[in-house]
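Since the structure of chain G is already known, use the hints to place chain F on it.
Going down the list, the protein sequences come from chains G and F. If you count by full-length UniProt numbering, then the first sequence holds residues 1 to 480, one letter each, in order. If you count by full-length UniProt numbering, then the second sequence holds residues 1 to 480, one letter each, in order.
Hints listed in this document are in silico derivations from the structure and should not be mistaken for laboratory results.
Identical copies carry no separate label here, and so any pair may be met within one copy or between two of them.
Okay, derived cross-link-like pairs now, DSBU-like style, lysine-lysine, Cα gap no bigger than 35 Å in a straight line:
id	residue 1	residue 2
1	K88	K254
2	K322	K66
3	K64	K31
4	K306	K63
5	K254	K314
6	K140	K64
7	K140	K31
8	K129	K314
9	K66	K374
Chain residues, written in single-letter form:
2 protein chains.
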Amino acid sequence: MSNNKENKKLVESITSRDVDFAQWYTDLCLKAELMDYSDAKGFIIYRPYGYALWEGIQDYLNKKFKETQHQNVYLPLLIPESLFQKEKDHIEGFAPETAMVTTTGLEDLAERLIIRPTSEILFAQHYAKIISSHRDLPKKYNQWCSVVRWEKTTRPFLRGKEFLWQEGHTVHSSEKEAREETLNMLEIYEKLGTDFLAIPFVTGRKTEKEKFAGAEETYSVEALMHDGKALQSGTSHYFGNGFAEAFNIKFQDKDNQLKYAFQTSWGVSTRLIGAIIMVHGDDEGLVLPPRVAPNQVVIVPIQGQKVEVQEASKKLYDELTKNGIRVLLDDTDRTPGWKFSEHEMKGVPVRIEVGPRDLANNEVTVFTRYNREKKQMNLDLVNNSMKDLLDEIHNRMLEKAQDHLKNNRHIAKTYDEFKSLLDKGGYVLMSVAGEEAEIRIKEETGATARVLPFDQTLITETCPVTNKKATQTILFARAY
Amino acid sequence: MSNNKENKKLVESITSRDVDFAQWYTDLCLKAELMDYSDAKGFIIYRPYGYALWEGIQDYLNKKFKETQHQNVYLPLLIPESLFQKEKDHIEGFAPETAMVTTTGLEDLAERLIIRPTSEILFAQHYAKIISSHRDLPKKYNQWCSVVRWEKTTRPFLRGKEFLWQEGHTVHSSEKEAREETLNMLEIYEKLGTDFLAIPFVTGRKTEKEKFAGAEETYSVEALMHDGKALQSGTSHYFGNGFAEAFNIKFQDKDNQLKYAFQTSWGVSTRLIGAIIMVHGDDEGLVLPPRVAPNQVVIVPIQGQKVEVQEASKKLYDELTKNGIRVLLDDTDRTPGWKFSEHEMKGVPVRIEVGPRDLANNEVTVFTRYNREKKQMNLDLVNNSMKDLLDEIHNRMLEKAQDHLKNNRHIAKTYDEFKSLLDKGGYVLMSVAGEEAEIRIKEETGATARVLPFDQTLITETCPVTNKKATQTILFARAY
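Here chain G stands alone, though its shape is the one from the complex:
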């Protein structure tokens, strides 16, 4: 453990996770320099370290999207109000949250323009124009952009008036293909969790009450935070012909019949940064899974004025960099203790301390952030073993999150049992009679239906809340 005095000083300034989780979260966002508040209330600044996490996610997903034949596009920021009102369910869902441009520096606009809260409508309008034959299908577009939703209460990354996201929008000639796309994208999100962010998502379908405005079906990936609350971390929607009918997206099929097309949309956002923080972080700050970490390794010279320390540090930096590892050589004039503390706050997965005493034995000290353990390592082995070490850290972090999930996923057969399990934190699975039960549960316990798991085996014949016949098995949790 590296608790020298300087270290303590910095660390003391974030609230303990178990004392006040909400305050811990906000402290960490600011102290790890992930974000800052801006002058426009509810809008945040994504600082370099926070934005780099998003760039990592972008790189991962762009690769997966391109492998699965998706293409990136960019559609306008603003939507004429009249166009926005073309799909009834959709406008009802989003109208209260829209920000509207009504005037320029010189004159008022003839029609109000809505800043996109999501772009289904723009894509539908464009697709109607460019699709006429089965040869034009499928169309599988994705957009990276920011969207604006006028949320009343905001929290960094979790809920804000503006957030960054990707929104995929696809059109298909058959229901089957569109349904497959919906689930394939859900699977890509699930893999983003396990393979990249070390987060085991729970997946399933949303209830009628919780589904997206205008969708026939919504699927989601849900992550379990350290405090036992769930975070919806990505969604994938199947639209059927709904938008196609409203926007007249028709194609001439191989049989020469004119048919309505089938659509999907799916997205993840900078909310994922919140998930990374709240799944992995600890009282010392952020703990980054190595694959998304902007710096995977930080090298800290001890007695950095000594030539042998400088040379060994630089050599190690060059070797690791050449090996494809993202390394930071922190050779500023700050003290080692200050650096230890800063890079722990920032969650850098591995710290290598290069000091004269270790060097005399041809060794360095290697500190792993996730378990805060230190060990000596032969200098000649560091470079060759680093990729394995990073993989091991990823696996250990994923296992830890999986254990947390397993230990906090319960089954309830009575409503009392449900309430008491819920208060322990985590998910509770219960078979209920549908929306009536869902509403009562939300009102009485604050828990919401996270997903209908793909396995819909009934736990009880009767709904413990309404005493009616149970029809659905729902995973409930309190959520962000």
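Leaving out everything else, chain F in the frame of chain G:
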């Protein structure tokens, strides 16, 4: 030449470049599927092929920015009106073009919010908060985003109400370092032209009249279009202490004195797509420089139903892809003539025709888009020679553009000579007495001061326009 009937049919539908350059440009933008118009007037849709050009530019610049220690960030879309008014010159320059959010779906806002037309103000406000010591400097941030400026007349990529760009904003502890940054970024833009887009930019400083609102000095890269008009393609600004004083960006220097910091900003936008089109395009459509081309090579099977054609095409596709070349195998059921025409319209640098007759001689036909020449090539040599061929195409396209620039860059010693040279198209260099002459020239000829070249040798002692003593040598042109 590949002018079969089908080919002609498609090609006829774009206006000839020399008949009506403006119409040719618009036709090409639409037919090459680079963009489409949207329902919000003045806002365009960046279609996959157009957006891919922007992604190529992003990849090139992100690499250069990171090599030069810049970091990406994201700042809010909206700026409170009161904050926007903090820097006088800046607000005067942008106020008439701003779009303002005044209301949400539920209620009017207490303060109007401006959609960023550029983000100097947001960066300055943030920098004031996070900079306090010389240790915090330099800060070198870049942002990829869209901006909104309420332009009256719009043209695809060249001028729109919304465009995509990058905006770099940096803070330095010394004037020297900030001035160096301004010029270093100009040089990166210049290299983006020569090394990536095959566009030879002219560089220099903007006149007082043409410089950016709030800047001490503005530098720009200017490209010469096929029709002889110039296109400002990127700018780099030196701000001195101007914003630092308005926003109180101070740092404690090594000598313990509190000092104002020095700033720069610089940007290029999707306007560059317009430059690519208008520098390289021809009557058959787009001609893409190979390094930015989304598909560098397209393989078109001839008699694609034959197994040997399918196998040879697939093998070539695999080999070229493995070699790091971006290849499209067009094995759709459209006719070869249709495909030739489409990929010429889209400017794919190299087309490989794989047909049974050539294959019998172990050959394929290789068509290069920039000169529209065909030649036979031994099948075994294609893969190994492709990188060289793409480099050669890049070099030939750059040379052609350089020749065009050389042949359309004139020197004028009298105002009559200036006018007659200007009517030939291209740049005219003249030594003038300053702003008075600049204003008269603009009014009387429509030409504007593009740059003050770095070589300020006077051509004449007297300004031919005002008959006053000449003080500046300016490169003039009519411009987009």
